[in-house]
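**Student:** Just need the whole structure built from these sequences, with the hints factored in.
Listed below, chain by chain, are the residues.
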Amino acid sequence: MNNIYWFYGLLFLGAVLFQTTLIDFVQVMYMKPDLILILVVIIGMRHGAVVGSTAGFFGGILSDLISSGLFGLGALGMAVAGHLAALIPAWFKEGGDTTLSKLVRFLITFFLSGVVHDIIYFTIGTIGSGAPWLESFALIIPNLFYSALFGVLIYFAVTKVIREYE
Amino acid sequence: MRFQSILHIAKRPGILLLFYIFLAMILMNFNDGGSLKGIRGVILQTVEWMDAVKYDWRSRTKLRQDNDALKKEIFDLNLTNQKLREVVLENSRLKRLLKLKRESPHDLVAARVIGSGNERGYSSLILDVGSADSVAQNMAVVNADGLVGKIISTSAQQSVVQILMNYDSWVDARLENSREMASITYSSSSWLDLEYVARNIPVEEGELVNTSGMSDIYPAGIKIGIVTDIFESENDLFKKIRVKPSVNFYAVEEVFVIRSAGAEKASGE
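One line per chain: the protein sequences are C and V, in this order.
Start counting the first sequence at 2; every next residue gets the next number (the numbering used here).
Start counting the second sequence at 1147; every next residue gets the next number (the numbering used here).
It should be emphasised that the hints constitute simulated quantities derived from the structure, not laboratory data.
Possibly wrong hints are sitting among the right ones.
[What the hints assert, rightly or not] Chain C side only, calculated, beta carbon under 8 Å to chain V, not exhaustive:
hint, residue
1, Phe19
2, Thr22
3, Ile24
4, Val27
5, Val29
6, Ser54
7, Ala76
8, His84
All C-beta atoms in this analysis are idealised placements derived from N, C-alpha and C, irrespective of residue type, glycine included.
**Tutor:** Here you go:
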């Protein structure tokens, strides 16, 4: 079981490295996938709210360290997203365990958690700055969709590796 | 016991989330702290360094691609240059031919050399004109440099030229200065032989040899070549004279066929 946490740790490190250096290679217009958010949602879905919010908090701190935004804001948003990622799939328990239902469950979970994360991030981040909140928020929706596409690939890859551990 | 109860509370997701939210808010208050700036600075420097490596790698890739593209462009330009040079040379040749056509009193048909027969001693050229262009056997073939030969066979679209450097070739010629008549034949090597010039006829090296006009095939005054060597012997009635042909038969590309009414009837000289 401990091996899995090392594995997640390495994934976070890889995600941070990729996010800071090679992300432009997969950039489409202004859209870049948020790899740390993807990992937090996957961990939340797999291991529940406690692990999800913890992964979110520390993943958010990593994210804050590499950004120039308000320190702690990413940690707050990610912790909430990790927590939600554990709760949302429970609404779809009746959906079965087919690949399609897993895919739909992941997409809905990722999108809802991502929206909440972004609402927190942009609301607190733009307080007092005079930045147009609505316009900023309109821009993040396509970005979330783009991240979700990447998330699907990472979700199935990570799930496969985790299954081998378990 | 107290630690275990804290652990128990921490395992309740809602309380843990609230704890993280509280912690995150505290962290937000340390946003302007010097140590945080230091950590961020180090991280940003690392990112900057990695970015520089990435930029360098991208530049090298782009440089390699540009290099390949430029190499291809140079190749294409060389090819175009070569073609243009060919066009300039062709233009120059065609200008000379046009001048010949304008100044010639004969009825000329322009033709392009499309092939050659290089059997030793029986060289020939193939032209892209034939009986459909009113070209017939025994018509003389010339270019801007002089006499090339005569037509020996035709089809509708093509014809074969027997050039002067052919064992079967025989042309009535005239020395330009002495006006003496003689015959041009070919025996071997890269020169023509001027035959039947009596020993008492004065001939000079460099003298021009033209067609005499004494046959139905070759009109008078077409340049054949220049005298290069003269050999005399006490035992011979005639001089042995070598003539350098004015036409480079191995580089002929465009020619004119002189259309003459009696060509078909003419017997080979």
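**Student:** Does each hint fit the structure? Answer for all of them.
**Tutor:** A quick look at each hint next to the structure:
no.: 1; hint: Phe19; in the structure: violated, 11 Å
no.: 2; hint: Thr22; in the structure: holds, 5 Å
no.: 3; hint: Ile24; in the structure: violated, 10 Å
no.: 4; hint: Val27; in the structure: violated, 13 Å
no.: 5; hint: Val29; in the structure: violated, 18 Å
no.: 6; hint: Ser54; in the structure: holds, 5 Å
no.: 7; hint: Ala76; in the structure: holds, 4 Å
no.: 8; hint: His84; in the structure: holds, 5 Å
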